Every structure is written in structure tokens, then in C-alpha cells.
Amino acid sequence: MNRDPFEMLADADPAKTYSPRDVDSLIAKATTRTTSPSRTLAAFKVKVLGAAALAGTLTLAAITALSGAGAPTPALLSLAAGSSAASPSAANSAMAICQWCMIAPYNFVASGLSSESSNAPVYTLTSPDPATEALTMITYLGLVSPSTSSPDPNVTEVVSGSTTIDVAKDPLGSLSISDQNGLPLPTPPSVDAASLEAATRQILDAAQVGYTLVDPVYETSTADQNNNLPGSEYVTFSVEVDGHLVNNLSVNAGFNQYGQLTDFSAPLFTVASSTTYPLISPAAGVDTLNTQAASYRAEQNITNSTDTVPEPVNTNPSTETTSGAPSATTTPDSTTTTVPQVASVTSANIIYDLTSLSDDTVAIIPVYDYSGAVAGDSTMTMSWFVPALDPTVVTVPSDWSPFQFQVWGRFMPMMYATTQGVASSAGSTSSAPVVSSSPPIPSVAIAPTPLPTTPKP
Amino acid sequence: MTIPEAPTREARFEAVARTHAPAVGSYLRRRIYPLPASDVDDLLAETLVVTWRRFDDLPESAELAWMLGVARRVLANAKRTSQRREARQFGAVHLTNPSAESLVIADLSLATALDALSTDERDILLASIWDGLSVGDLAVLYDVTTNAAALRLSRAKAHFLEAFHAA
Numbered sequence: 001m002n003r004d005p006f007e008m009l010a011d012a013d014p015a016k017t018y019s020p021r022d023v024d025s026l027i028a029k030a031t032t033r034t035t036s037p038s039r040t041l042a043a044f045k046v047k048v049l050g051a052a053a054l055a056g057t058l059t060l061a062a063i064t065a066l067s068g069a070g071a072p073t074p075a076l077l078s079l080a081a082g083s084s085a086a087s088p089s090a091a092n093s094a095m096a097i098c099q100w101c102m103i104a105p106y107n108f109v110a111s112g113l114s115s116e117s118s119n120a121p122v123y124t125l126t127s128p129d130p131a132t133e134a135l136t137m138i139t140y141l142g143l144v145s146p147s148t149s150s151p152d153p154n155v156t157e158v159v160s161g162s163t164t165i166d167v168a169k170d171p172l173g174s175l176s177i178s179d180q181n182g183l184p185l186p187t188p189p190s191v192d193a194a195s196l197e198a199a200t201r202q203i204l205d206a207a208q209v210g211y212t213l214v215d216p217v218y219e220t221s222t223a224d225q226n227n228n229l230p231g232s233e234y235v236t237f238s239v240e241v242d243g244h245l246v247n248n249l250s251v252n253a254g255f256n257q258y259g260q261l262t263d264f265s266a267p268l269f270t271v272a273s274s275t276t277y278p279l280i281s282p283a284a285g286v287d288t289l290n291t292q293a294a295s296y297r298a299e300q301n302i303t304n305s306t307d308t309v310p311e312p313v314n315t316n317p318s319t320e321t322t323s324g325a326p327s328a329t330t331t332p333d334s335t336t337t338t339v340p341q342v343a344s345v346t347s348a349n350i351i352y353d354l355t356s357l358s359d360d361t362v363a364i365i366p367v368y369d370y371s372g373a374v375a376g377d378s379t380m381t382m383s384w385f386v387p388a389l390d391p392t393v394v395t396v397p398s399d400w401s402p403f404q405f406q407v408w409g410r411f412m413p414m415m416y417a418t419t420q421g422v423a424s425s426a427g428s429t430s431s432a433p434v435v436s437s438s439p440p441i442p443s444v445a446i447a448p449t450p451l452p453t454t455p456k457p
Numbered sequence: 001m002t003i004p005e006a007p008t009r010e011a012r013f014e015a016v017a018r019t020h021a022p023a024v025g026s027y028l029r030r031r032i033y034p035l036p037a038s039d040v041d042d043l044l045a046e047t048l049v050v051t052w053r054r055f056d057d058l059p060e061s062a063e064l065a066w067m068l069g070v071a072r073r074v075l076a077n078a079k080r081t082s083q084r085r086e087a088r089q090f091g092a093v094h095l096t097n098p099s100a101e102s103l104v105i106a107d108l109s110l111a112t113a114l115d116a117l118s119t120d121e122r123d124i125l126l127a128s129i130w131d132g133l134s135v136g137d138l139a140v141l142y143d144v145t146t147n148a149a150a151l152r153l154s155r156a157k158a159h160f161l162e163a164f165h166a167a
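Chain order of the listed sequences is A and B. Quick note on my numbering: the first sequence kicks off at 1 and runs consecutively. Quick note on my numbering: the second sequence kicks off at 1 and runs consecutively.
A few of these clues could be false.
Once the Cα atoms are required to be at most 25 Å apart in a straight line, the calculated SDA-like pairs of lysine to any residue come out as [as the list claims (entries may be wrong)]:
id, chain 1, residue 1, chain 2, residue 2
1, B, LYS157, A, ALA12
2, B, LYS157, B, THR146
3, B, LYS157, A, ALA294
4, A, LYS16, B, ARG72
5, A, LYS16, B, ALA15
6, A, LYS16, B, ARG9
7, B, LYS157, A, MET8
8, A, LYS16, B, ALA11
9, B, LYS157, A, SER118
10, A, LYS16, B, ARG53
11, B, LYS157, B, VAL135
12, B, LYS157, A, LEU143
13, B, LYS157, A, ASP11
14, B, LYS157, A, ASP22
15, B, LYS157, B, SER134
16, B, LYS157, B, ARG72
17, B, LYS157, B, SER118
18, A, LYS16, B, GLU10
19, B, LYS157, B, ASP123
Read the hints as simulated data drawn from the structure, not as lab findings. Bear in mind that the values here come from a model prediction, so they are computed numbers and not experimental data.
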């Protein structure tokens with residue numbers, strides 16, 4: 001039976017059984033302030049600390065700049081000590097189910113991928129102070145009698161008539177403008193693609209962002225008299241930094257039929273530095289996928305037949321499941337035995353994704369975007385993501401096992417870096433080609449929480 | 001939802017809070033990951049404190065959407081605080097995870113389809129499906145025009161269906 005996906009989604013509501021503990025008490029606290037916000041926050045912080053320790057969320061990252069003798073070298077990404085594995089509670093969570101589903105069932109096989117490594121830049125980004133940026137936009141847009149507030153040090157809100165502006169730093173900067181009635185721009189555009197595109201660029205020029213807009217996509221909403229909705233034109237741009245398309249970033253602008261701005265949202269940042277790092281080869285990244293899959297299986301007490309029997313991977317589709325999930329049996333000692341599926345990785349592209357630095361700044365890093373198919377299911381093309389940075393530029397403490405890059409919008413497979421590998425990394429990085437003389441990035445935050453790789457349909 | 005008239009500011013707040021607290025708490029519960037679920041009521045309390053403080057700003061026709069907007073900020077601040085605490089504690093920063101909702105869904109097809117959406121698309125789709133908000137409420141929640149909310153929801157639904165059937 002084919003169920004409506006929206007009904008399925010509604011049924012998956014994680015709050016179906018939720019109800020507040022004691023509404024009377026919450027109301028009393030709010031009105032009488034018997035519990036001050038700061039006390040609530042303090043309690044909250046303590047709880048989070050315990051939860052984080054329980055989940056084994058740790059990691060680290062300080063980057064030590066390697067000033068090579070004479071020649072500039074990329075900074076070494078050095079990981080601090082932390083817990084090495086997820087706790088049983090994390091392994092038993094719903095999250096763990098998805099880890100299993102998305103990565104562990106597969107044996108990855110590189111098909112025609114290059115074994116040659118290369119280099120690529122890592123960019124650090126800086127975002128403006130929200131209050132300062134809000135003033136810039138007030139001036140540019142010519143807002144009259146603006147009312148400015150900052151409910152949070154990292155957020156500035158401006159209200160002027162029907163116009164509202166939100167500028168945030170979270171930690172990447174963002175700007176959003178909304179005006180139900182339509183905000184006339186300093187240079188009113190005609191309602192045509194070129195004019196609206198130019199108007200969007202002018203707003204970003206005023207905001208002095210450090211990226212370029214590419215690939216505009218236009219959508220027209222016709223007027224809906226019944227619901228009193230006017231016609232609108234929306235344009236969505238992708239974002240490029242130094243010629244690299246950045247995942248999960250876009251600029252959106254909406255205009256009414258008079259060319260007045262109704263909606264606008266954009267990231268706010270400039271590039272602070274660019275440093276070239278060595279990358280692993282596309283083929284080596286597939287090894288990383290297998291390492292991660294084995295690691296997940298180990299964490300979940302799942303025995304893959306290829307983990308215990310050193311035989312060639314069975315590529316006969318007739319003996320494999322075709323549903324996207326492996327067949328499995330559970331033994332009395334709770335170890336699950338599975339028949340793995342072969343995932344043939346056929347292409348690799350370098351893309352850029354956002355990640356964070358330990359000093360609260362943001363970076364974009366090169367990532368391999370792999371595509372491939374699962375044997376026995378030719379209808380499904382999947383993608384997996386692996387940080388393309390060579391692990392020899394990352395130091396990992398000896399008590400660490402697999403770690404994982406977490407980037408905005410997706411989770412990527414874990415990478416292994418042994419102490420031995422780290423020891424050899426200093427030498428390898430000192431001879432790595434470096435195309436940028438920018439100062440080394442100060443640190444990179446790598447989130448090791450064992451979360452799933454996100455397959456892309 | 002119609003809330004009876006109450007004579008005093010405090011009584012009006014109590015009526016509003018009692019009516020909408022379950023929905024606001026559910027909104028937080030759905031999005032609490034990676035914070036522990038036990039924090040939901042603390043964040044609900046924070047949301048009610050802010051609502052009480054700014055009660056005079058509460059739009060009569062969109063109380064729930066307005067309160068969800070407060071809850072959204074409270075939750076974002078809590079996650080940000082958690083990230084900074086972890087950064088200080090462990091030297092790392094966990095960024096907001098736009099796929100958080102998908103991680104609490106065991107169905108792979110649904111989780112994959114949600115992951116294929118942009119953050120904005122996922123937010124507005126789940127606010128519609130899980131929180132039952134109308135287009136007008138969504139416009140209040142996200143501080144956009146009704147037209148924009150309708151378009152974004154329509155786009156999110158289309159992308160979700162496309163991703164679901166491709167998965």
C-alpha cells in the first residue's frame with residue numbers, strides 16, 4: 001500500500017506523546033519570576049554539560065601553525081584529547097538507527113576514480129557585527145524613524161513602518177529584510193529579471209559581502225485575488241567564494257509587482273584568509289567510507305560478513321537485498337550479522353561546505369561529493385560525502401578513534417588518523433605545495449559526534 | 001483558537017499560556033535535538049517568560065505563531081549556548097544542525113527526503129505538517145509576507161515529494 005508521504009511525516013511526529021509537565025507552575029514562574037531567566041539558563045547549562053559528556057560528544061581542535069623554514073606551510077589541524085567512542089545510550093538512540101541505515105550496510109568499491117592527490121584552499125570567513133550592519137542597511141534603505149533592538153548580542157532587529165530587518169551572527173552572519181507592503185529600493189528596479197538581479201546585487205554591495213552570486217533561479221507567483229495575494233517575483237541565487245560553489249548557501253529576494261522589495265535573505269560574510277591544504281585522492285576517500293562503515297558496525301555490534309570473513313565481496317545481486325537495507329539476523333548475544341551490499345562509487349566531485357572553527361569563526365572546506373549506486377538496485381543513485389582534506393594535516397590524539405567532520409547541512413563520514421599518521425604528517429605538510437601566503441587559519445572545529453552520513457537521492 | 005476575554009493582563013496571559021503551552025512545548029520537543037529532551041520544559045518556561053515580558057506586543061490573531069517565533073529564538077539561543085560551552089570545554093563548536101529533525105525519524109525514506117531539503121524548506125514544511133500552522137501563521141512565524149510563506153511552503157512540499165519518491 002502506498003501511503004501519502006505527508007501522512008507518514010505527520011505520523012513520525014516526535015512530539016506525539018509530549019505534554020508539558022506542569023503548566024500552572026510554568027505560568028506562575030513566568031509572571032512572578034520566581035525563577036529568573038538567568039537561573040533557568042544556568043540550570044540548562046549544567047544539564048547540557050552532563051548530556052554532552054554522556055553522549056561522548058567531544059573533540060577538539062586547535063590548529064598549530066607550522067612555520068616551515070622559509071616556505072609558508074598550511075597549518076596543522078591538531079585535535080585535542082577527548083572521548084573515543086559514543087556511549088551505549090547514544091548507540092541505542094534513534095539517531096543510531098539512521099547511522100546504520102545510511103552507511104553501515106555498504107561495502108564501498110571505487111570504480112574508475114583517480115588515485116592522484118591534489119591540493120585545494122580552505123577559506124576562513126568573517127561576519128560583520130549585527131548592530132553595525134543594521135545601521136548600514138538603515139542608511140542604504142533610507143528607513144525613517146527606525147526602532148532598533150538587540151534581543152540577543154548576536155541579533156539586531158530593526159523596525160521601521162512595515163519594514164523589518166534582522167541581522168544575526170550565528171556564527172555566520174545573515175541578513176533578512178521583510179516588508180509586507182513592499183519596500184521601495186534606492187534604485188527602483190523594473191520588474192524584469194535583469195533589473196531584479198541588479199537590485200539584489202546592489203543590496204549585497206551595500207552590505208559589502210565577500211561572495212559572488214551565480215545561477216539565478218526565478219519564480220513568479222501570480223496574483224491570487226481570492227486570498228488577496230499580489231503577484232510576486234522571487235529570485236534565488238547560489239553563492240560562490242573564489243569561484244567555488246558553496247553548499248547550503250543561497251540568497252533569496254522577493255519583489256512585488258511594483259518592483260518593491262518584500263523579502264530578502266542572504267548570508268553575510270567576507271573571506272578572511274585562504275590557505276592551501278593537501279587533499280586525499282578520490283580513491284582514498286572511498287577507503288575512508290569503508291573505514292567509517294566498519295566503525296559504525298563495530299559500534300553497533302553488527303558483524304558484517306566481510307568484517308569477519310576475509311573473502312571477496314559478494315557482488316551477486318541475487319544474494320543481496322534490494323530494498324536499500326541489508327538482511328540481518330540477531331544472535332543471542334545481541335550481535336547482528338548482516339549481508340553487506342556493494343556500493344559502487346563511480347564519480348567524485350569537489351564541493352565546498354561550511355564548517356566551524358574553534359574560535360567561533362567559520363570556514364569552508366573542500367569535500368568529496370561521491371555518487372554511486374547500490375548493487376541490486378539500479379533505481380537508486382546515492383551520494384556520500386567525505387572531507388577531502390588529507391588526514392596527515394590533522395593530528396588526532398592516541399585515545400581517539402574515528403572522528404567525523406560535521407558541516408552545515410550534512411554529516412560526513414568519519415576519518416581515521418592514527419598517532420603514527422600524525423607523526424608523519426609534519427614532514428608531509430612541510431613539503432606540500434602552498435599557493436597562498438595568507439596567515440594560517442587559527443583552528444578548525446571538527447565535531448566527532450558519530451552521526452550519519454547523509455545520502456543524497 | 002478562541003481565548004476567552006480576561007479582565008487583567010495577568011489573567012489574559014494565563015489564558016493564552018494555558019491554551020498554547022502544549023503546542024509551544026511540542027514545537028520545542030520536535031526540534032530539541034541535539035539538546036536533551038528533558039530541556040524542553042525549561043525552554044518552554046523561557047518562552048513563557050519572554051511572552052509575559054512582551055505580552056503587549058502579542059498579536060491577537062496570531063498568538064500561537066508569535067509564541068512559536070519566540071520559542072524558535074529561545075531554542076536557537078540554547079543551541080548556540082550549548083555550542084559555545086562545548087567550544088570552551090572541548091575546543092570545538094557544533095553548528096546548528098539543519099537535519100536535526102530527520103535524525104529522530106526512523107523511517108529512512110522520510111529522513112532522506114527531509115535531509116534533501118534546505119533548512120528553510122524543512123522548517124516551513126514541518127511547521128505546517130507537525131505544528132499544523134496555516135500559511136498566515138507561517139508568515140507570522142517566519143516574519144515574511146503571506147505570499148512568500150505560501151510560495152515557500154509549496155516549494156518545500158514539492159521538493160519533499162520529489163526527494164521522497166527518489167529515495
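Tested hints:
With a C-alpha separation of about 16 Å, the suggested pair B/LYS157 and A/ALA12 falls inside the 25 Å cut-off, and the hint holds. With a C-alpha separation of about 16 Å, the suggested pairing of B/LYS157 with B/THR146 holds against the 25 Å cut-off. The suggested pairing of B/LYS157 with A/ALA294 is violated, with an alpha-carbon distance near 36 Å, which exceeds 25 Å. Between A/LYS16 and B/ARG72 the alpha-carbon distance is near 19 Å, which keeps this suggested pair within the 25 Å criterion.
A C-alpha spacing of about 23 Å is found between A/LYS16 and B/ALA15, which places the hinted pair at or below 25 Å, so the restraint holds. Restraint check: the Cα-Cα separation between A/LYS16 and B/ARG9 comes to about 32 Å, which exceeds 25 Å; the hinted pair is violated. For the suggested pair B/LYS157 and A/MET8, the alpha carbons sit about 13 Å apart, so the restraint of at most 25 Å is met. Between the alpha carbons of A/LYS16 and B/ALA11 the distance comes to roughly 29 Å, so the proposed pair goes past 25 Å and is violated.
Restraint check for B/LYS157 and A/SER118: not satisfied, since their Cα atoms lie roughly 40 Å apart, outside the 25 Å limit. Proximity of A/LYS16 to B/ARG53 is assessed by CA-CA distance (about 29 Å); at most 25 Å being required, the pair is judged violated. Between B/LYS157 and B/VAL135 the alpha-carbon distance is near 13 Å, which keeps this suggested pair within the 25 Å criterion. Proximity of B/LYS157 to A/LEU143 is assessed by CA-CA distance (about 35 Å); at most 25 Å being required, the pair is judged violated.
Restraint check for B/LYS157 and A/ASP11: the C-alpha separation of about 16 Å stays at or below 25 Å, so the hint holds. Straight-line distance between C-alpha atoms of B/LYS157 and A/ASP22 comes to about 35 Å, which puts the hinted pair past the 25 Å bound. Simply put, B/LYS157 and B/SER134 have alpha-carbon atoms about 14 Å apart, close enough for the 25 Å limit, and the pair holds. Annotation: proposed proximity of B/LYS157 to B/ARG72 holds, straight-line Cα distance about 21 Å (limit 25 Å).
At roughly 12 Å between alpha-carbon atoms, B/LYS157 and B/SER118 fall within 25 Å of each other, so this suggested pair holds. Between A/LYS16 and B/GLU10 the CA atoms are separated by roughly 30 Å; this puts the pair beyond 25 Å, and the hint is violated. Restraint check for B/LYS157 and B/ASP123: satisfied, since their Cα atoms lie roughly 11 Å apart, inside the 25 Å limit.
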